[in-house]
Structure formats: C-alpha cells, structure tokens
Amino acid sequence: MSALLVALGAAVGAPLRFALSRALDGRFPMGMLLVNVLGSGLFGVFAAMSLGDAGWALLGTGFCGGFTSFSTFAVQSVERPARPATTYVVATVMLSVGACAGGWSLVSALG
Amino acid sequence: MSARRPGATDLLVVSVGGAAGAVLRFAIDTAAPDSLFPWPTLAINVVGAFVLGVLPALAVVRRSRRVALALGPGVLGGFTTVSAWAGQVRELADDGHAGLAGLCLLLTLAAGLAAAALGQHLARRAEPEATMG
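These protein sequence lines are chains H and V, in that order.
If you want the working numbering, it's the 1-based position in the first sequence plus 187.
If you want the working numbering, it's the 1-based position in the second sequence plus 372.
Next comes chain V alone, as it looks inside the complex (with noise of 0.2 Å):
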C-alpha cells in the first residue's frame, strides 16, 4: 500500500466497492424511520468506523491487498460520509436546534473514534503475530 498513483484495477475495484456501500447507506436511510435526529447517519458512521478498524484481523483482507482495497477505502468509504453529517449538523442548527446539532456534531465524533479505536484493539488482539500491510 504505497504506491502513490494507484492503478486503474485498484481505481476500478474501490469504484466498485463504493457503489456497494453507498447503496446499502441509501437502502438503510429509505429504510429507517423518519425522525429529528440522523440516527440512522450517526448508526452508519459508528458501525462503519470500527468495521475499518477491525478489518485487518480478517485473513482475506491480509491475504489479498485487492479485496482489502474493495472493502476498506471501496464499501466502508463509500458506505460511511462526512457530507451527509456535515449536512445534517447544518441542517438542524438552521432550523433552530442548535442543541441537538451540537449533539449530532459531538455524538457521531465521540462514538466514531470510540468505535475506529476499539476496532483496531480487537484486531490487534486477534492477530498479536500479524504484520501490517
């Protein structure tokens, strides 16, 4: 992984990849009840972080840089957005719920690193012998 100009297989597997996350993030968005608060934004970063972070503990993704590509930067980062909480924190706050806007902003912060860094200790357990990359 350090290669600066990807190639067009990696571009097009990512490509993919983020066409499949961005749809299950849309599928669970149309799917989710209506509310004030963006649970369902909040729930799809929180889940999406520590997923990335535990990724590397899974073989295939060891095994092969191609499927850790798909997955991680492809589904994850397609499947999670800052553009959506962004929106939303401006949203609410426009709207004169400049509390719960606060809460969103703060919320999906606290509980995204939470989650990105329990991920990667649970890997890292997983795997005490693993090397990077």
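In isolation and in its complexed conformation, chain H is listed as follows (with noise of 0.2 Å):
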C-alpha cells in the first residue's frame, strides 16, 4: 500500500520537475535550483503535520522525493563551468536546508 502511494506521488513530481528544468533551466540551472529548494521546503512542511504513513507515504517520500532530484544537480553541477557550478552548489545547498528547516519551524509553531 504505501509503495503504491510513493509511486503515485512520485508520478505527479517527477514529470513536474522535468517541465520545470525544460522551462527554466539554461546557462544557469534556475529551474532544477527552484525544484529542489521547494521540494525540501514543502518537505520539511510536511514533516512538521505528523501525517501518518499513508500520508508521508504520498506526499514526503513519492511526491517531494520525486519532485526534487539529487542526480540530474549533480550531474549539472560538474557540467558547467567552475563559477556558475559553484554559485549552483552553493545555493541549492543552503536554500535547500534552509527552505527546509524554515518549511517545519512554520508549521511546528503553528501547530
């Protein structure tokens, strides 16, 4: 039952993700860096509602899980030239962990 439910959140995510990066990515990869800074925000949102298994099931584990991408920001990190791969790293990095610990501090203060 939840590996349906990861495969499902996975399957909204992941195609999300992919026409995001052909939209916004270019030179500078915008559209995967906005990717994976929402998806740990919203990870780090959903971590914070106690959703049951079913419910971390689809939306932490399928949909975030599948939305953001560890792989593709590696592989464009080692792609592109040095300054604007280490503007990439750097961003996604800290926005990410960020966005993250900023997503559960919100809804843990309001819950």
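A short, non-exhaustive set of chain H residues, derived as facing chain V with CB atoms under 8 Å:
hint : residue
1    : Ala-198
2    : Phe-230
3    : Gly-231
4    : Gly-249
5    : Gly-252
Hints are computed from structural coordinates only; laboratory data are not their basis.
Since the structure is predicted, the reported quantities are computational estimates derived from the model, not experimental observations.
C-beta: ideal position from N, C-alpha, C; glycine also.
Using the supplied hints, reconstruct the complex from the two chains, each of which is provided in its own coordinate frame.
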C-alpha cells in the first residue's frame, strides 16, 4: 500500500520537475534550483504535520522525493564552468536546507 | 533535447520512470537497518549521480530519446532526492547532532559530485567518437 502511494506521488512530482527544468534551466539551472528548494521546503512542512504513514508515503517520500533530484543536480554541477557551478552548488545546498528548516519551523510554530 | 515544452508522451515516460525510481528508493530505505546517520539516502544519491553521469555511454540511451528520458529524469530523478537529504540534515541538527548534520551535508555533496564527474569521465572514454544527443 505504501509503495503504491510512493509511486503515485512520484508519478506527479517527476514530470513536474522535468517540465520546470525544461522551461527554466539554461546557462544557469534556475529551474532545478527552484525545484530542489521548493521540494525541500514542502518536505519540511509535511514532516512537521505528522501525516501518518500513508500521507507521508504519498507527499514526503513520493511527491517531494520524486520532485527533487540529487542526480540531476550533481550532473548539472559538474557540467557547468567553475563559477556558475559553485554558485549553483552553494545556492542549492544553503537554500534547500534553509527552506526545509523554515517549513518545519513554520508548521511546528503554528501547530 | 531542445524543446522547451515537453510533449505529453515525454511527461508520461518521465512519470512512469520517476514512480519506479521512487519505489526503489522506498524499498531500500525500508530494508536498511535503522541508524542515526542516514546511510541509505547517501548511498542512493551517490549511486544515482554516478549512473546518471555514465548513462550517455549506453547504446540504448543514445539510440532512443524516450529511453534516455525514462532512465535519466525518470528513474534516476525519482530515485535520488534532495528533499530527504535536506530533511535529514535538518533533523540531525535539530536533534543536537550538529557534527553529523555537517558530515551528512558535506559527504553527500563531495561523494555525489565526484561520482557524477567519474561517471561522465567513464562515459566519454567508453565512446570517444560519440556525439551527445
């Protein structure tokens, strides 16, 4: 049951990532930066909501996990020239962890 | 791979691949023994980055754009994850394990980038005459 929900969440998240990456990635991968930061922020929000196993499988593991992508981030980083690559790596790491912590804190404070 | 607006079939192919990759990640996470340090996600991301780097060397990927989409943004995109990585770093830090949080962040980053670079290097050596795309 959980595996099915994970598949369902990722079946929505993955093509959404692909479309945003296609539309916004250029010399600088702005689309993937947006995807990974947004997905990490939502992951923090969902984690703080105590969703239960089914909700977490669908939204956390499935949607956020399938929406964000480390492999794309890593390959894009090593393909870019040093300067934009460094900006991309630092921005992705800082903003993703920051968004996740922010999302978590926001929902924890409200709840 | 230049169209800005992907077609419905491309999106469907990425969707199915992404679902398969995510279920594989879920199965590994579920099967792995509980540990304070999130080794499964680290391993998933490093292996996934390497395979995405080496993917262009596969003949089937060079022959078919749809297979390339199914495996790259699809399976490997859904398999690897930035959100769980960020979530684990946050959780370790919030639970008072600042050192482990920093280690998780830096080790994933260093090993993941090195794995992607190694994969690309091997792919280029395997097919010196191949042109990308």
